[in-house]
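Colleague: Residues per chain, in single letters:
There are 2 protein chains.
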Amino acid sequence: MLPAQERSVMLMKKIAKGTHRNVNYVSRLFQPQNVVPKDGIVKREDSLSKSQKLMHDLGVIRQASPGAFHLLPLGERSLQKLIRIVDDEMCKINAQKLLLPLLTSGELWKSTGRWEDIGEELFTLKDRHDRELVLSPTHEEAVTELMASIPQLSYRQLPLLLYQVTSKFRDEMRPRFGLLRGREFIMKDLYTFDTSAEAASETYKAVSKAYDNIFRRIGIQYFKVSAVTGVMGGSVSHEYHFPAAVGEAKLLICESCGYGTSLESCVPSECPECGHGFLKCCPGIEVGHTFLLGTKYSVPLKARFTTVEGKSDFLQMGSYGLGMTRILAAGVEVLSLPDEMRWPIALAPFTVCIVPPKEGSKESAVAHLAEELYHRMNSIDSFRNDLIIDNRCNMTIGKRLFEAQRTGYPFIVVIGRKALQPVPEFEVHHILMDKKASFNETALIEYLKEQLNK
Amino acid sequence: MLPAQERSVMLMKKIAKGTHRNVNYVSRLFQPQNVVPKDGIVKREDSLSKSQKLMHDLGVIRQASPGAFHLLPLGERSLQKLIRIVDDEMCKINAQKLLLPLLTSGELWKSTGRWEDIGEELFTLKDRHDRELVLSPTHEEAVTELMASIPQLSYRQLPLLLYQVTSKFRDEMRPRFGLLRGREFIMKDLYTFDTSAEAASETYKAVSKAYDNIFRRIGIQYFKVSAVTGVMGGSVSHEYHFPAAVGEAKLLICESCGYGTSLESCVPSECPECGHGFLKCCPGIEVGHTFLLGTKYSVPLKARFTTVEGKSDFLQMGSYGLGMTRILAAGVEVLSLPDEMRWPIALAPFTVCIVPPKEGSKESAVAHLAEELYHRMNSIDSFRNDLIIDNRCNMTIGKRLFEAQRTGYPFIVVIGRKALQPVPEFEVHHILMDKKASFNETALIEYLKEQLNK
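Going down the list, the sequences are from chains Y and D. Counting in the numbering used here, the first sequence runs from 33 upward without gaps. Counting in the numbering used here, the second sequence runs from 33 upward without gaps.
Just so you know, not all the hints are guaranteed correct.
Because identical chains share one entry, a pair is satisfied inside a single copy or across any pair of copies.
[To be verified] Only pairs whose alpha carbons sit at most 30 angstroms apart, straight line, appear in this in silico DSS-like list of lysine-lysine:
hint, residue 1, residue 2
1, Lys481, Lys113
2, Lys237, Lys486
3, Lys45, Lys124
4, Lys113, Lys142
5, Lys343, Lys467
It should be emphasised that the hints constitute simulated quantities derived from the structure, not laboratory data. No experiment lies behind these values; they were computed from the predicted model shown.
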C-alpha cells in the first residue's frame with residue numbers, strides 16, 4: 033500500500049479505536065476553492081454579486097442547480113450560529129419551536145386564494161394518487177389549519193408563538209446573486225396567535241424587540257422600514273434591510289432620525305417623522321419581514337378559540353420571517369472587500385484561526401504551542417469548537433495568513449518569532465479592524481473574550 | 033378589557049421590556065392533547081401503532097396530511113436532542129456537516145438509473161421552465177455530482193466524510209404508523225469518499241463504531257444485521273433495528289451470540305456465526321442502514337480524484353442513513369406502556385418535570401422552592417433548559433403527577449409534604465424504573481446527575 037493511503041487508513045483505524053483526539057484542522061476541512069488563474073477569463077462575472085463570487089470561490093457554497101446551492105461546511109457552521117442566536121431570542125419571548133411538513137395540500141392554498149395569488153412562483157406537484165401538493169414558500173395556511181384542528185383552544189393558552197427554521201421554496205423566474213435570491217432557501221418563520229387585535233399588537237411589539245436583538249447581535253447596521261403587506265395580507269408590516277448596492281429594494285431613509293419606508297417611490301423628500309431630516313434613497317437587501325395579519329387566515333380556515341365568556345372567536349394572527357441563508361450572504365455582501373471575504377463576528381464559521389510555524393523554520397521549535405493554545409481555548413465555553421488550526425505547515429506563515437484573511441476568520445493568531453521568547457507571545461490579527469497586536473497566552477485569551485463580548 | 037386579556041397583554045409588555053425571566057411552564061407549553069371520553073368511540077384504532085396514538089394524544093405530533101406530521105414543541109425538542117448526539121459522534125470521526133438542496137435535477141437521477149429503479153416512490157415535479165425536478169429521498173446522486181465538480185480533488189483530502197440532517201421524501205403507497213413510515217421525514221445521511229476499497233472499508237468500520245455509540249447513547253437495545261443492498265447498490269450493507277411487534281422487518285437473531293440477518297427468510301435455524309446458538313425470528317423497526325457503495329455512483333457521475341502517482345481514479349464511496357424522526361417514534365414504541373408514553377432518557381423533551389404544591393394547600397407555603405430548584409438546576413450545564421415546571425397549581429399534585437407520568441418525563445420532582453421539613457426534601461419519581469425516593473436539594477441534584485451519566 034502507498035504511504036498516503038496507509039496514512040488515511042491509519043487515521044480511520046485510530047478514530048475507530050477512539051484514540052484520536054478531535055481538532056479542527058484546515059487540512060481536513062472540506063473547502064473546495066476555485067483557483068482562478070491570474071490571466072484567466074471569468075464568465076458571467078457581472079451577473080454575480082460579490083458575496084456569491086466570494087462564497088463560491090472560497091468554498092462556502094457551490095451551485096447545485098439554478099437558484100439552489102450546496103451549503104458547504106463553512107456555510108453550514110455559519111447557519112448554525114445564526115440559528116442559535118435566533119433560538120436564544122425566540123426562547124426569551126416564549127416562542128416555541130416546531131417543525132411543519134414542507135409539503136402542504138393544494139386544497140389548503142386554494143381555500144385562502146393564494147394558489148392563484150402566488151401563481152407560477154408556487155412549486156406544485158401531484159402525488160401518486162393524483163392529489164395536488166405545494167412545496168411551501170411559507171406556512172400561514174399550514175399553521176392556521178393546525179390551530180383550527182386543536183379541540184377547545186382556550187384564551188388561557190394565548191398568546192401562542194410558534195416558529196420553525198426550515199427549507200422554503202419559490203419558483204423564481206430568474207434566481208440570482210447566490211443565496212440572496214434562490215429557489216430553495218432556509219427561512220425562520222414565526223406565527224403568533226392572540227385573543228384580540230390589541231393583544232396581537234403587543235405581541236408584535238415583543239417580536240419586533242426580539243428582531244432588533246437578533247440584528248444587534250449579528251452586528252450589521254440595518255434599516256427597519258414600513259412596508260406593504262402585499263400577497264401576505266394584514267394591516268401592519270415592517271421590513272428589515274441591510275443596506276447594499278446589490279439590494280433589490282429601494283428604500284427612503286431619514287438621515288436624521290433613521291425613519292425609513294419602502295412604501296413611497298424613491299424620491300428624496302422631507303422626513304414625515306422628525307420633520308427636519310431628509311429622506312435619502314438607499315438600496316437594501318430585505319432580510320426580515322413582519323406582518324400583523326388580523327384574521328385573514330383564521331377566518332377562511334376557521335381557526336377559533338374560546339373567549340373568557342365562553343364564546344367562540346377567530347384568532348388574531350401575526351407572521352414574522354427571517355431569511356436565514358439570505359442573512360448569511362447579505363452579511364458577507366456588506367462586509368467583504370472585493371477579493372476577501374468578511375463575516376459578522378457572531379456568524380463567522382470559526383472565530384479564531386491559529387497559524388503555527390512553517391516546518392523547518394527556527395520557530396518550528398515552538399510549534400507545539402499551537403495545539404496547546406487550541407486545547408486551552410477549546411475548554412472555554414465561548415470558544416468551544418469554534419477554533420481551527422491551519423496545520424499545512426509546509427506552507428509559509430505568510431501564505432497561510434493571507435488565506436485565512438481571505439476566508440475572513442475574524443481573529444488570526446500567528447505563532448511567529450515572538451513565540452520563541454521566554455514568555456511566548458502570539459500575534460493576533462483583528463481582521464475586521466485591520467489591526468494586530470501581541471500577547472502572551474493568558475492576555476491573548478482575555479483579549480479575545482473581550483472582543484467577543486463587544 | 034377583560035382580566036385574562038389584560039394578563040396576556042401584560043405578559044407580552046413585560047417580555048418586550050426584557051423584565052421577564054424565562055422559565056419553561058407547562059401552562060404555556062403548546063401540547064394540544066386529545067381528550068378521548070372514556071366511553072368514546074375511537075376510529076381506526078387498529079391501524080395506529082402505539083407510538084402514533086400516544087404521540088398524537090399527548091400532543092407530540094399532529095397529522096398534517098397522509099404520511100406528513102407536524103412535529104410539535106415536545107417532538108421538536110426530542111429531535112434536537114437526537115441531532116446533538118449525532119453531531120457529537122459525527123464530529124468524533126471527522127465527519128463534516130453540510131446542507132444539500134432538497135430539490136435535485138431529474139437528469140441526475142436518470143444518469144444513475146434510479147429515476148426508473150425507484151419509480152413511483154419518487155416525488156417528481158416540473159419547474160416553470162418545464163425542467164424535471166426530484167424531491168430527494170436520499171442524496172447519493174447530488175453529493176457525488178458535488179464531488180465530481182471539485183477541481184483537482186487530491187488523495188490528500190481523503191477520506192472525506194460529509195453528512196446532513198434534512199427532510200426527505202418518499203411517495204409511499206400506504207403511509208402508516210405515524211412517524212414510522214411517512215411520506216416526509218427527517219433523515220441524517222452521511223456519505224464517505226475514499227481512495228481505495230480497503231480505505232473505504234476502514235471508514236465503514238469507523239462509521240459503524242460511531243453508529244454503535246449513537247445507539248448506545250439512545251439506550252434502547254438494538255440489532256445490527258447483515259442486509260441486502262437493494263436499490264442503493266454496493267457490496268456490504270448492515271441495518272440497525274429496534275425490536276418491536278409493529279416492526280415491518282423480519283429478522284433472524286441468534287439468542288446466544290447476537291448475530292443477526294435480514295437476508296434469510298424468517299425460519300428458525302442454527303446460527304452460522306457461533307454454531308451453537310439458535311436463530312429466532314424477530315420483528316424489527318429499521319432505524320439505520322449503512323452501505324459500502326464502491327464506485328456505483330462515482331463511475332456514472334465521473335467523480336474522480338488524483339492518486340499519489342498523479343493518476344485519476346474513481347472515488348470509493350459509502351452511504352450511511354439514520355431515520356431521525358423514525359428513531360423518535362420507535363423509541364417511544366419500544367418503551368411506552370399502552371396508555372403512558374415513555375422516552376429514552378437521552379431523548380426526552382424535558383428530562384425533569386417539577387410539580388409544586390396545590391394552591392391553598394398546607395404545602396403551598398413552600399411553593400417558592402419549585403422556582404428556586406428550577407433556577408439552581410438550570411444553572412448547571414447538564415440540566416440547562418431541560419426542566420419544566422407544571423405550574424397549573426389549581427390542579428392537585430396527584431392529577432399533575434399522573435399527567436407528567438403519561439407524557440413520560442423521565443424524572444418528576446414533587447414538592448409535597450416533606451418539603452415542609454426544616455431541611456426540605458423533594459420526592460423524585462424515576463419513571464422508567466418505576467421507583468421513587470426523597471432527597472434534600474443538594475442530594476437530589478447529585479442523584480439526577482448520576483442518573484444522567486449512567
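Colleague: Look at each hint and say if it fits the structure.
Modeller: Outcome of the hint check:
1. When the C-alpha separation of Lys481 and Lys113 is checked against a cutoff of 30 angstroms, the pair qualifies both within a copy, at 17 angstroms, and between copies, at 28 angstroms.
2. In this assembly of identical chains, Lys237 and Lys486 lie within 30 angstroms of each other by CA distance solely inside one copy; the values are 26 angstroms within and 45 angstroms between copies.
3. In this homomeric assembly, Lys45 and Lys124 come within 30 angstroms of each other (Cα to Cα) only across copies, at 13 angstroms, whereas the closest approach inside a single copy is 45 angstroms.
4. Taking the shortest alpha-carbon separations for Lys113 and Lys142, neither the intra-copy value of 37 angstroms nor the inter-copy value of 37 angstroms comes in at or below 30 angstroms.
5. In this assembly of identical chains, Lys343 and Lys467 lie within 30 angstroms of each other by CA distance neither inside one copy nor across copies; the values are 65 angstroms within and 44 angstroms between.
Checked against the numbered hints above, the structure breaks hints 4, 5 and satisfies the rest.
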